[in-house]
Structure formats: structure tokens, C-alpha cells
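Participant: Residues per chain, in single letters:
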Amino acid sequence: MQAPRIPRFLPLKVSRVPRGIRSRSLHARATEFLQSQDPDLSESQRTVREAISKICSDFPDSYWAQIDESHQFPTELYEALARRGWLGICLPQRYGGSELGISEAAVMMQTIAESGAGMTGASSIHMNIFGLEPVAKYGTEEQKDRWLTPLIAGRQRACFGVTEPNTGLDTLQLQATARRSRDGYVLSGQKVWISTAQRADKILILVRTTPRDRVKKPSQGLSLFYTDLQVPEVQITEIPKMGRAAVDTNSLFFDNWHVSMEDRVGEENEGFRMILHGMNAERILIGAEALGLGFAALRRAALYSNNRHVFGRPIGQNQGIQHPLADSWMKLEAARMMIYQAARLYDQGYTGGEYANAGKYLAAEAAFEGCERAILTHGGMGYAKEYHVERYLREVFIPRIAPVSREMILNYIGERVLGLPRSY
Amino acid sequence: MSGLRILVPVKRVIDYAIKPRINKAQTGVETAGVKHSLNPFDELSIEEAVRLRERKGPIKVEDILALSAGGPKCPDVLRTAMAMGADRAFHIDVPDKGDGGPEPLTIAKMLQAVVKEQNVNLVLLGKQAIDGDQGQTGQMLAGLLGWPQATQASKVDIKDDAGTVEITHEVDGGVETLRAKLPMVITTDLRLNEPRYASLPNIMKAKKKPLEKKTLADLGVEDTRRLKTLKVTEPPPRKGGGKVEDVDGLVSKLKELGAL
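Read top to bottom, the protein sequences are chains Z and A.
Under UniProt numbering, the first residue of the first sequence carries the number 1, and numbering increases by one thereafter.
Under UniProt numbering, the first residue of the second sequence carries the number 1, and numbering increases by one thereafter.
These aren't lab readings, by the way, just hints derived from the structure by calculation.
Check before you lean on any hint, since a few could be wrong.
[What the hints assert, rightly or not] Below, simulated DSSO-like cross-link-like pairs (lysine-lysine); rule was C-alpha separation at most 27 Å, straight line: (1) Lys54(Z) / Lys159(A); (2) Lys116(A) / Lys56(A); (3) Lys137(Z) / Lys56(A); (4) Lys35(A) / Lys331(Z); (5) Lys255(A) / Lys205(A).
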């Protein structure tokens, strides 16, 4: 009797996985252009993500590389966003805004940066998104109507002037002054790191109205103005810099600059308090912009390492290439969790700064590392402008440094969270 | 004619920028975890409906009703349609059975019922959905209604208040201009217009526009299948070509392959 024939190789039995459990999608999240699969996004965040993706997909990396080369302001993106009401995302509906939260604005800024626009795209509109919050909160009805309406419509551009060359982050030491005159104030002094001042119509500026030795509390004595910038009394000088050439950054010198009473925001001597109000939001938005840049760099690195064949295999098959990128995704994603947690808390009225600061710190560092690894993944090609990652690296220093340094964030956490003595 | 009551059926499909992959069971395209968006041809029909209103032609646009049949995510594309300018929306709840959704004839019958119920006098729909690429629904609907139809429109012009419409569509070697009277069915083609991106304030307003949920049964339609998909496969991978040195090389290669 013949023994039944046993096949030498048993056919592999493919186990059937019930529908729904199989969650691995066929498209890799980190390589899909502006994917909107993040499981934590709220419905309105997803809506923002998708709508901004559509607009940004009209502005490819080649556009950003070209304006970086030619130092041209990205007017086209600015207008595309202004025309569709995006500049008013956080501002009151009365003046044409949409009154969404920082949670949505953060998604918007992340998405813009992530499209390849980086800090160039983000900075071109950044000030409009949340910069005028002090006006929205402390301005009079007349001021809001006069200022917010044209800003949201994209008819007027604003910039922001706080930092001074001699005081750095020590804002309470500001030296630029505003003296009372018959019908207003006369401003004199200087400001530095004023982005978009070359083209901005207006500036929100913080200057001293009471000398430091005459104030009751150190946080008093500074006043906030929102006024016309392009006047002969203000000399605006562009600072040549490492990256983001398309969006100018400047030094301002001004003397005998007359500003009318109607252009003062809120109470005299209470400017610092008004500025403080928006600081956490500012950090969250910058952090979100950093994330965008980091994810953009990671996308380019993952795509490149999958396509580039050396020694007969894609370089991304090597763990030496793959693992740093996987590590970067985890770090970016962890920072994203914190940034969006900070945004959610901010929208709920939480005023603590630990998550906004820590989120900005982690996002900027993760993005920096991601950009660096993207260049190294590309090898020599990464050093060539053609592959865009070198531009990302030059821009990713901005969120590491601004609006507050890494060291000052560490000081903040050390003092406020760990209860350690102030070191500076 | 009193006013235009436009119905714009839309479909939620895999985003056009995504490379479709066949599912493991070879019954269709894998849709899990893949980005979806409004079918591009349907975007054109929404845009055209909104432009008809904005043009302020001889007949005023009274109502733009967007409609989509499908699973629980359908409202996403309906909100997009309303953000672009549709006034209201119907979501016909058709649970996903993994069979590619209802057939064109079922959809056409469903639309016929909506046209009657909602007193629609113009149906603007994409010439095809980019997932199934069947391109049948518009024509079937016109047949069921007994209305004139113009397919693959590249221009729609309402001539007078009696409801005369001129439609241009591209044919081999030129363009053809058709004239018909409302009510009618028009399917849209790529060159008709360039769909807008919805503005943020309109996106916000769209969240408050009415979206009604209905079922096929409400419209007296049964989801019966007349066709069975046996197998879906990917096209064979492209084989790399060869390089020739010069024209002589090309000629001899073509001869060798028997092409000359």
C-alpha cells in the first residue's frame, strides 16, 4: 500500500484576521503628504488640517526654495490664506474672524510648516494669528473695528516689537520710551528682531512710559501701542540671517516718533501684563511650527531612504538609517502630544506655562534632531539645496531660539515646577 | 420658471492623490486607513451650482441640495459641499458591506425618488466617481426621469427664464454645443470650472447648515445587486524598457521585434 504523499513544504496557512482588528494601513503615515490620520485630532482640528493642506499643496517645496533664494516675501501664500479668512482663525467673529481656539490654530501652523513652507510660510502669517490678542482682549470697540477688521481681511499687516538689543529676554528692563505730549506720546529708542517690519503697515510695540525707579511694581511702567510703522521717524534695517531669507527680520531705530492717544492699547503702564496674556499661546504656536518642520524633514528622509539604492538595497533597509528616523518620529510625536495638550489646556482657560514652555522646548529639539538626521540620511545630497532638507535645518534654529531660549525654559521649569532657587 | 432647485449628488472616495492598492481578498480597493475626500468630479458640480447662483442669471437659484449615500463618514464630504456653498444636505445611510457600495442603478433610482420628493429641476452630477469609474448614474437617472441630459459638460449657460440651457461638451476633435429645456440632468467634466477652496468662515457656517439623515427604505428603494465582482487585480508591474544608441539601433530593434 502506498503511503499518502506528503508535500515537502506545507503551504503556509494564512490566518484570517477579523475585520477591524487589522489596523495597519497600507499607507505609511509619516510619508503621506500632510496626512490627516492622527487619531487624537478633534473634528474641528481635522477640518482645519484638511482645508489648510489643500491650500498648501499649491505651494510646493520648489516655491519655498525659490523665494528663499530670491528673498521674496511669500505674498501668494499670505493672500491665499487671507482671502479665505484664515488670518482671523482666533479673532472675534464680529470683525471677520472665526473664534476658534489655539488647538485649531496650532494645527493650522503645523500644517503650513509641514507642507514644506517651514518657518518661512509660518512666519509670514504668524503675527496675524495671535499677535493681536492683546488688542482683542484689551482694546476698545472702536480700536478693534479699526484694527482687527483690516488685519483679518489681509489689507493691513502687523508686526510685533518688544525685544531690544540691550535687554534681550529681560523684558522688564526695556529702555525705549514714550513721553507724553500734548495730544499723545513721543517714542524714542530701538527694537531688534522685528520680523516682517519691511512690509508691515502696523506695529504692536511695548515701550516704557514710567522710569523703572518710579514704578510701584516692577511689572508696571510699560505701555502698549498699535500704530503706523512706515513713517520717516522709524528707521528699519534688515538683518541678514542664516535662514528664512524670504521673511525679513529687522532692527528699528526711532526718535521723535509721534503716536496719537487713540493708538494706545489698554491702560498706561499696564502693557507688560497685556503682553504676558498671549505668551503661552505664542509658545504653543511656535512649537507647532517646529513640529511641522520636523515632520517635513522626516517625510523627506523616509521617502529618500526608501528609494535610494546602494549596495543593492534601499538604504532605509539598514537599521543605521531606519532607527534614527523611527526615534525621531517618536520624539516628534511625543512633543506633539504635549503641544496639543498645552493648546487644549489654554483653550480651557488654564494659565500655567509649564506645558506650553516644555512643549515648545521638546518640539524644537525633536525637530532640530529630525532635520539633522534628514540631512545625514540624504548623505551628500542632503547638503544640496535641491533636496530641501538643508533649508529646513537652517530654519529649525528659529523655534529653538525664539520666542524664548531653551535655557530660559529650563529655568522656568526649574523654578516653577521643581521649586529650585532662581539662577539668574 | 420660478427658481432653480439643484440637486448635487456627491461621493466620498479615496483621495485622488493616493495610489490605490487592491485588498488582500482581491474584492476591491483597500479603503481602511486611507485618506478620503470628495470625488473631484463632484467638486466641479458643486462649484458649478454655486456659480450659477453667483452669476445671477435669468433664473434665480432657490436651493442647492447636496446628497451622498454611504457609511457614517459621508457627512464629511457633505460638510465640504456645504462649505463650498450648498444650502443643505441629505445623507442616505447605506452601511458599508464591503462590496463597493450600491450599484449605479440603485443610486439612480434613489436620486429619482429625491428629485420627485424635493421638486428638483436640475441635477448636476460628476460624470463619474474616481473609485468605480462606472460613469453610469447620470445617464440612468435621466432615463428614469425621462429628462433631457447633457454629459461631460465643459460649459453650462442658462439662456432665459423659460429654462433654456446651453451646454458645451468636448468631443473628439472639437466641442459640441447642446440646447435643452429644464428640467434636465447634466454631468460635469474637468474643464467646467476650477473648484474653490472653502473659506474658514464658510467652513464654520457649514457646520450649522441642515443635514438630514435618511435611508434607502425611506425613499422606497432596495439595495439589490445585479452584478457580482469576481476579482480585482492590480495591473501587471511595468517592465523596464531598453536603451538604443541611435536611430539605426532603434530601427533594427523595431525590425527585430517585428514592428517594422
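Participant: A separate judgement is required for each hint: does it hold in the structure or not?
Facilitator: Outcome of the hint check:
1. Lys54(Z) / Lys159(A): It is violated: about 34 Å lies between the C-alpha atoms, which goes past 27 Å.
2. Lys116(A) / Lys56(A): holds (26 Å)
3. Lys137(Z) / Lys56(A): violated (41 Å)
4. Lys35(A) / Lys331(Z): holds (24 Å)
5. Lys255(A) / Lys205(A): violated (66 Å)
Against the hints set out earlier in the document, violations occur for numbers 1, 3 and 5.
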